[in-house]
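> Here the protein sequences come in this chain order: A and R. Residue numbering for the first sequence follows the UniProt record's numbering, beginning at 1 and increasing consecutively. Residue numbering for the second sequence follows the UniProt record's numbering, beginning at 1 and increasing consecutively.
Heads up, a few of these hints could be off.
You can't tell identical chains apart in this list, so a pair holds if it fits in one copy or across any two.
Unchecked claim - With a cut-off of at most 30 Å between alpha-carbon atoms, the simulated BS3-like pairs for lysine-lysine come out as follows:
1. Lys197 - Lys256
2. Lys259 - Lys197
3. Lys324 - Lys45
4. Lys299 - Lys342
5. Lys285 - Lys52
6. Lys114 - Lys334
7. Lys114 - Lys285
8. Lys324 - Lys116
9. Lys285 - Lys38
No lab work stands behind these hints: they were computed from the structure. Only a predicted model underlies this, so the values are computations on that prediction, with no experimental measurement involved.
Next come the chains, spelled out residue by residue.
Protein chains: 2
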Amino acid sequence: MDRDYITRNKTRPVKVGKLTIGGGNPVWVQSMTQTRTKDIDATVKQIDELEKVGCEIIRVTAMDIESAKTLGEIKKQINIPLVVDIHFQYLIALEAIKQGVDKVRINPGNIGSKDKVQAVVKACKEKNIPIRIGINMGSLEKDLFFQYGKFGIARVMIESAIRYIKILEDLKFFDIVVSLKGSDTMITRETHLMFAKRYHYPLHVGITEAGPSLAGIVKSAVGIGSILAEGIGDTIRVSTTSDPLEQVKIAWEILKSLKLRQKGVEIISCPTCGRTEIDLIGLAKKVEKILANVDAPIKVAVMGCVVNGPGEASFADIGICGGKNQAVIFKKGKVVKVIQEKDALPIFIEEIRKVLIEKGYSDKIKNIKIKIL
Amino acid sequence: MDRDYITRNKTRPVKVGKLTIGGGNPVWVQSMTQTRTKDIDATVKQIDELEKVGCEIIRVTAMDIESAKTLGEIKKQINIPLVVDIHFQYLIALEAIKQGVDKVRINPGNIGSKDKVQAVVKACKEKNIPIRIGINMGSLEKDLFFQYGKFGIARVMIESAIRYIKILEDLKFFDIVVSLKGSDTMITRETHLMFAKRYHYPLHVGITEAGPSLAGIVKSAVGIGSILAEGIGDTIRVSTTSDPLEQVKIAWEILKSLKLRQKGVEIISCPTCGRTEIDLIGLAKKVEKILANVDAPIKVAVMGCVVNGPGEASFADIGICGGKNQAVIFKKGKVVKVIQEKDALPIFIEEIRKVLIEKGYSDKIKNIKIKIL
Numbered sequence: 001m002d003r004d005y006i007t008r009n010k011t012r013p014v015k016v017g018k019l020t021i022g023g024g025n026p027v028w029v030q031s032m033t034q035t036r037t038k039d040i041d042a043t044v045k046q047i048d049e050l051e052k053v054g055c056e057i058i059r060v061t062a063m064d065i066e067s068a069k070t071l072g073e074i075k076k077q078i079n080i081p082l083v084v085d086i087h088f089q090y091l092i093a094l095e096a097i098k099q100g101v102d103k104v105r106i107n108p109g110n111i112g113s114k115d116k117v118q119a120v121v122k123a124c125k126e127k128n129i130p131i132r133i134g135i136n137m138g139s140l141e142k143d144l145f146f147q148y149g150k151f152g153i154a155r156v157m158i159e160s161a162i163r164y165i166k167i168l169e170d171l172k173f174f175d176i177v178v179s180l181k182g183s184d185t186m187i188t189r190e191t192h193l194m195f196a197k198r199y200h201y202p203l204h205v206g207i208t209e210a211g212p213s214l215a216g217i218v219k220s221a222v223g224i225g226s227i228l229a230e231g232i233g234d235t236i237r238v239s240t241t242s243d244p245l246e247q248v249k250i251a252w253e254i255l256k257s258l259k260l261r262q263k264g265v266e267i268i269s270c271p272t273c274g275r276t277e278i279d280l281i282g283l284a285k286k287v288e289k290i291l292a293n294v295d296a297p298i299k300v301a302v303m304g305c306v307v308n309g310p311g312e313a314s315f316a317d318i319g320i321c322g323g324k325n326q327a328v329i330f331k332k333g334k335v336v337k338v339i340q341e342k343d344a345l346p347i348f349i350e351e352i353r354k355v356l357i358e359k360g361y362s363d364k365i366k367n368i369k370i371k372i373l
Numbered sequence: 001m002d003r004d005y006i007t008r009n010k011t012r013p014v015k016v017g018k019l020t021i022g023g024g025n026p027v028w029v030q031s032m033t034q035t036r037t038k039d040i041d042a043t044v045k046q047i048d049e050l051e052k053v054g055c056e057i058i059r060v061t062a063m064d065i066e067s068a069k070t071l072g073e074i075k076k077q078i079n080i081p082l083v084v085d086i087h088f089q090y091l092i093a094l095e096a097i098k099q100g101v102d103k104v105r106i107n108p109g110n111i112g113s114k115d116k117v118q119a120v121v122k123a124c125k126e127k128n129i130p131i132r133i134g135i136n137m138g139s140l141e142k143d144l145f146f147q148y149g150k151f152g153i154a155r156v157m158i159e160s161a162i163r164y165i166k167i168l169e170d171l172k173f174f175d176i177v178v179s180l181k182g183s184d185t186m187i188t189r190e191t192h193l194m195f196a197k198r199y200h201y202p203l204h205v206g207i208t209e210a211g212p213s214l215a216g217i218v219k220s221a222v223g224i225g226s227i228l229a230e231g232i233g234d235t236i237r238v239s240t241t242s243d244p245l246e247q248v249k250i251a252w253e254i255l256k257s258l259k260l261r262q263k264g265v266e267i268i269s270c271p272t273c274g275r276t277e278i279d280l281i282g283l284a285k286k287v288e289k290i291l292a293n294v295d296a297p298i299k300v301a302v303m304g305c306v307v308n309g310p311g312e313a314s315f316a317d318i319g320i321c322g323g324k325n326q327a328v329i330f331k332k333g334k335v336v337k338v339i340q341e342k343d344a345l346p347i348f349i350e351e352i353r354k355v356l357i358e359k360g361y362s363d364k365i366k367n368i369k370i371k372i373l
């Protein structure tokens, strides 16, 4: 249960500030600010908040030269690599590069002529920073689009990527990250499978315009998850219509669900059914809240009945299994205690504390939110 | 954009009441009640609620003979096929079959000896109802488990399925549905890929013990979604630790995100960024709520800026794209109206109404929740 299941594609390592994307490095979590970039204080504040929930690379948009000119100051005040997002105007890219950003994302579909792309490439080369070529289903070059029609969108996206990779490669520029985003999960997946067969550049994976609420979460998880499951993807960004902190949390849950990364406690709990004798949903949610800030790689099971509980709990470092008015606490499949339902939670938390100590995470105990009890 | 992207595996069609699982039929959405089964009123009420949100096959547990004896009455009062879940005691299965359930789910790992399985098979054969062999990572047969060790769990699950399929096939019983559930997304996916190469029995797909809240939603979406993306799966059940209505909604979002099924309006909306000039999250959530009960297959886009908005909105039947104090309404890529931000929502809803009429869904207009405006 503890090995990696996914054999990741071999990609070229590309340095972005202090991190390296690709080349077998962890799949990094990215996000994008929603503040006005030129409002330095608001932008830095949001980046700090995002870093706290696990954002590892941050992208900001630069709509105008004024925004681009603030990037040096923003970079000075933050801890994670800073990526600038440029649309339409290559001069803004040049200013951002001058300001010392760690990566430039351009959308070849709207940045303009080859000359302009070349100017950006030259500037990046001088500063030794990479470029992300961000192909987006929504802003494909019109000529390619008409050539292939709407059913060949995956091929159109690949062709668009090939064109721009060639411009960069012709300039002997190879520090390239590519993204091939669409709002359709299966077209996006197909595009990634096709691209990964042909190129070794690292991929930044995302589903665009995923939408709000539950639909957005599920669409992102299915789209990004089914690409990562194929071993494809070196960094991800979730684009639900929501708070960017929520986007980062979703991204981490995707990576955790595939065991590509580990963060915090893994809670295993059953869906409850007519056999359940305890308030399992309530108990599981409480345990989740109590352990939300405990960043230790332990597995905690909260199970409703004896049918699957003990079996699943045997994989967990610690588990609770509810019965009629009483509960059983397991550690790696072995019963530790039989307790009354009313005492279950405090005793269970006490046992989790012991597990943290045993596994060498005693410094994490202070992050248990006992106030909820 | 409107064709099916997923080539589904060819599986044997198996009748479950009025529906057929497998054989190219739609991927059906299942759920399980959380009521005491013997409380007929509560159980029927929950099944009715589940049916309203899209549950197409319902499973109830029968813990004892008393519960099993209520199944005939429950079946009489509901509209969707009724499946009974049996653990440990085959005599309960026999009573449930007598009561006229549409399918029996047994977990070979805990139902007991071959004789007992045979008795259940014989009874199902007489009533012409199928059996789901439900292998669960948490309750595998101990001998297989020790033989393969914990790293060979996928193989253990397959071996367990093979054993029980053989018992059924030896009795010339072929109306079999198989499930191979685990709490680990990648082991579960691997198990499904292996099984689908060898057998043509339809698969009931699920991730067990997915856990509560966001983690549970994401784990289910990644696990079930990455299996369905391979063309595998004929019916699904989401097992998050939450209200079963929520489970059904998640299941539908998974199927919709893969374009395997269509239900309600598809909302495409962007993640907002520093370029966004309108309250996009608010607008998208409002539009989603207003259209929540409109079950018509239209695509509605809510976009924050001109960069990707028009492109994405061209795939949508209708879209709104926010600018500075004003908004633009698109239909299939063509601008219909430029309006003030404050009037945007009512005018947009009016245009959605027109689209519903144009596409032949005028009967759905009454389900637009205008009270939210």
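> Have a look at lysine 324 and lysine 116 and pick one of within, between, both or neither, based on CA distance no larger than 30 Å.
The answer is between: 28 Å across copies meets 30 Å, while 71 Å in one copy does not.
> Check lysine 285 against lysine 38 for me: Cα-Cα at most 30 Å, and say if that holds within a copy, between copies, both or neither.
Result: close only across copies, 27 Å inter versus 40 Å intra.
> I want to check one pair: lysine 259 and lysine 197. Are their C-alpha atoms no more than 30 Å apart within a copy, between two copies, both, or neither?
both (24 Å within a copy, 25 Å between copies)
> Should lysine 114 paired with lysine 285 be assigned to within, between, both, or neither, using CA atoms and 30 Å as the limit?
neither (54 Å within a copy, 40 Å between copies)
> At 30 Å max between alpha carbons, let me know whether lysine 324 reaches lysine 45 within a copy, between copies, both or neither.
Intra 49 Å, inter 24 Å, cutoff 30 Å: inter-copy only.
> First find the shortest C-alpha distance between lysine 299 and lysine 342 inside one copy, then the shortest across copies, and answer within, between, both or neither for a cut-off of 30 Å.
Within one copy, since 23 Å is at most 30 Å while 49 Å is not.
> I want to check one pair: lysine 114 and lysine 334. Are their C-alpha atoms no more than 30 Å apart within a copy, between two copies, both, or neither?
For lysine 114 and lysine 334, only the inter-copy Cα distance (29 Å) is at most 30 Å; the intra-copy one is 66 Å.
> Between lysine 285 and lysine 52, at a C-alpha cutoff of 30 Å, which is it: within one copy, between copies, both, or neither?
both (22 Å within a copy, 26 Å between copies)
> If the cutoff is 30 Å on CA atoms, where do lysine 197 and lysine 256 land: within, between, both or neither? Let me know, please.
For lysine 197 and lysine 256, both the intra-copy (26 Å) and inter-copy (28 Å) Cα distances are at most 30 Å.
Comparing the model with each numbered hint stated earlier shows that hint 7 is the single one that does not hold.
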